[in-house]
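J.: Given the sequences, and given the hints that come with them, work out the whole structure.
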Amino acid sequence: MRSFQERLAEFDARGLRLAAISVDSPAINREYVRKEGYTFAFLSDPAAQVIRRYDVLHPGAGPEGQQVARPGEFLIDSTGTVRWVNLTESVLVRARPGQVLQVFDDLVRAPLGANR
Amino acid sequence: MKRRWNASLWVGFLVMLAAAFSYIPIFARIPATRDFPWVNLTLFATGAALIGLGLTRAFRRPDAYRGKVAAVVLAALGAGVLGFFLVGTFHFARQLPQSAGAPRVGQKAPEFSLLDAGGNPVALSSLLSSSVGGRQTRAILLIFYRGFW
Chain A
1 MRSFQERLAE FDARGLRLAA ISVDSPAINR EYVRKEGYTF AFLSDPAAQV IRRYDVLHPG
61 AGPEGQQVAR PGEFLIDSTG TVRWVNLTES VLVRARPGQV LQVFDDLVRA PLGANR
Chain B
117 MKRRWNASLW VGFLVMLAAA FSYIPIFARI PATRDFPWVN LTLFATGAAL IGLGLTRAFR
177 RPDAYRGKVA AVVLAALGAG VLGFFLVGTF HFARQLPQSA GAPRVGQKAP EFSLLDAGGN
237 PVALSSLLSS SVGGRQTRAI LLIFYRGFW
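In the order they appear, the protein sequences are chains A and B.
Everything in the first sequence is counted per the working numbering, starting at 1 for the first residue and increasing by one.
Everything in the second sequence is counted per the working numbering, starting at 117 for the first residue and increasing by one.
No lab work stands behind these hints: they were computed from the structure.
One thing to keep in mind: the hints can contain errors.
Below are the SDA-like pairs computed for lysine to any residue, each with C-alpha atoms no more than 25 angstroms apart in a straight line [as the list claims (entries may be wrong)]: (1) K35/A - A9/A; (2) K35/A - R53/A; (3) K184/B - L133/B; (4) K35/A - F264/B; (5) K224/B - A110/A; (6) K35/A - P141/B; (7) K224/B - T81/A; (8) K224/B - D77/A; (9) K224/B - V82/A; (10) K35/A - T81/A; (11) K224/B - R96/A; (12) K224/B - R83/A; (13) K224/B - Q49/A; (14) K184/B - V103/A; (15) K224/B - R262/B; (16) K35/A - G62/A; (17) K35/A - G235/B; (18) K118/B - V93/A; (19) K224/B - T79/A; (20) K224/B - F40/A; (21) K35/A - N236/B; (22) K35/A - K184/B; (23) K224/B - A48/A; (24) K118/B - Q99/A; (25) K184/B - T253/B; (26) K224/B - E89/A; (27) K35/A - I146/B; (28) K224/B - P237/B; (29) K35/A - L133/B; (30) K224/B - D105/A; (31) K35/A - F143/B; (32) K184/B - G62/A; (33) K224/B - K35/A; (34) K35/A - V238/B; (35) K224/B - G62/A; (36) K35/A - R7/A; (37) K35/A - L231/B; (38) K224/B - G15/A; (39) K224/B - Q99/A; (40) K184/B - T81/A.
T.: Structural data, given as structure tokens:
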């Protein structure tokens, strides 16, 4: 998250918005966002309804056996269509800002549909 | 003749401990060393080589070096620490669900409305139709993460 915040200007310049989603409550997110100085959206999905709809639920993986989201990133264009999905095989490996910016630039440069 | 302290054993073991416990707080935060823990594995190799040197000294030149017992104990503990690290990073960290039903490229992203940190409802469609940093939103990256509870 910190690495995304550090390069937020590059995302803003492209009109590429960021939204982080977890099972944390708005109160926890508020505290976390304030402490870390994040300025993009942190959304709460305590019942994991959206997490389940995107099939990124990791049941029982929280410290007290809670259901949490596994790491995963989805790039969605302005028509609401998924253009890129990143689901790695390790919890330690997540999308990097530079990687996402590159993917976005490639999608913009490629003729619509040519990259599929 | 007074036998010398077998320092490489202890230094080697400390290097192995550092190798195991530096990944999460340090190297997993640096993109270049995160995906594959090559710095940590290099540290492990260095620590193991030092312990190997200490073992050789303790058993081949017992007249000059101390530490036969320590050599065996530290070599076993070092192997245990390495095993713990390998199982943690290459097995447990990869016990992720398949996510076979996740939205695929070309599909419509499921619409949702969730509360932001200010407690205000935010819909995917409204995020896509509003502006960001003074510019019209062209795309959005949803980042699902484990959370901090």
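J.: Please verify whether K224/B and A110/A have alpha carbons no more than 25 angstroms apart.
T.: Cα-Cα ~20 angstroms, so holds.
J.: Does T81/A sit within 25 angstroms of K224/B, going by the straight-line distance between their CA atoms?
T.: Given pair K224/B, T81/A holds - Cα atoms ~4 angstroms apart, limit 25 angstroms.
J.: Regarding the pair K184/B and V103/A, is the alpha-carbon distance no greater than 25 angstroms?
T.: violated, 56 angstroms
J.: Would the hint linking K35/A and N236/B be met if the CA-CA limit is 25 angstroms?
T.: Measuring from Cα to Cα gives roughly 20 angstroms; hence the hint holds.
J.: Checking one constraint from the list: CA of K118/B to CA of Q99/A, max 25 angstroms. Satisfied?
T.: With a Cα-Cα distance of about 59 angstroms, the restraint between K118/B and Q99/A is violated, given a limit of 25 angstroms.
J.: When you check the alpha-carbon spacing of K224/B and Q99/A, does it fall within 25 angstroms?
T.: holds, 22 angstroms
J.: If you draw a straight line from the CA of K35/A to the CA of P141/B, is it 25 angstroms or shorter?
T.: Distance of about 18 angstroms is within 25 angstroms: holds.
J.: Are K224/B and R96/A close enough, with their CA atoms no more than 25 angstroms apart?
T.: holds, 24 angstroms
J.: Within 25 angstroms, alpha carbon to alpha carbon, are K35/A and F264/B?
T.: holds, 13 angstroms
J.: Would you check the hint for K184/B and G62/A, treating anything up to 25 angstroms between C-alpha atoms as holding?
T.: Given pair K184/B, G62/A is violated - Cα atoms ~44 angstroms apart, limit 25 angstroms.
J.: Can you confirm whether the C-alpha distance between K184/B and T253/B stays at or below 25 angstroms?
T.: violated, 67 angstroms
J.: Hey, K224/B versus P237/B, does the alpha-carbon distance stay inside 25 angstroms?
T.: Measuring from Cα to Cα gives roughly 21 angstroms; hence the hint holds.
Violation of the numbered hints given earlier is confined to hints 2, 10, 14, 18, 22, 24, 25, 29, 32, 33, 35, 40; the remaining hints are satisfied by the structure.
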